[in-house]
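If you're matching positions, the sequence shown starts at 78 in this note's numbering and goes up one per residue.
To be clear, the hints were calculated from the coordinates, so they are not data collected in a lab. The structure displayed is predicted, hence computed values, not measured ones. Note that beta-carbon positions come from the ideal geometry of N, C-alpha and C, so glycine has one too. Each hint should be verified, as a subset may be incorrect.
As the list claims (entries may be wrong) - Computed Cβ-Cβ distance ranges for the label pairs, DEER-style:
#1 P134 - T88: 31 to 41 Å
#2 M78 - L162: 13 to 23 Å
#3 S148 - D117: 16 to 26 Å
#4 W85 - G135: 28 to 38 Å
#5 R107 - A79: 27 to 37 Å
#6 R83 - E116: 38 to 48 Å
#7 W85 - R146: 17 to 27 Å
#8 F133 - E163: 15 to 25 Å
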Amino acid sequence: MARWWRRWRSTYLASLLPRNKWRNNGVGPRINNLVLILEDSRPRTRCPLGVVIQLFPGQDGVSRAAQIRTSTSEITRPVAKLVVLEPARIIDEEGNSPSPGEDVTDVTARFR
78 MARWWRRWRS TYLASLLPRN KWRNNGVGPR INNLVLILED SRPRTRCPLG
128 VVIQLFPGQD GVSRAAQIRT STSEITRPVA KLVVLEPARI IDEEGNSPSP
178 GEDVTDVTAR FR
């Protein structure tokens, strides 16, 4: 099992960490996203995981910081130190998520 975790950390996590600092026009983290919390003192494959519970936008409306729930606490980190691993799923009011490829047009849908 330890071998599997080592391989997962070295392949999957490393593939999710693009190095396009100045060209990143992508969407930042959203509430309920699973994120990798980058820390200067740790290798990227050893950084903790967390779930975004609140975003703090700057004066320009772009999120600059996020509050994250980890397995042990809640912390606030700059968005630049977060890597989104899994986007939040869209769930309708009945608790159903759309099928892959299905259009989501219901305005009552919410992120969970």
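Cross-check of the supplied hints:
no. : hint                    : result
1   : P134 - T88: 31 to 41 Å  : 34 Å, holds
2   : M78 - L162: 13 to 23 Å  : 21 Å, holds
3   : S148 - D117: 16 to 26 Å : 21 Å, holds
4   : W85 - G135: 28 to 38 Å  : 35 Å, holds
5   : R107 - A79: 27 to 37 Å  : 33 Å, holds
6   : R83 - E116: 38 to 48 Å  : 19 Å, violated
7   : W85 - R146: 17 to 27 Å  : 22 Å, holds
8   : F133 - E163: 15 to 25 Å : 21 Å, holds
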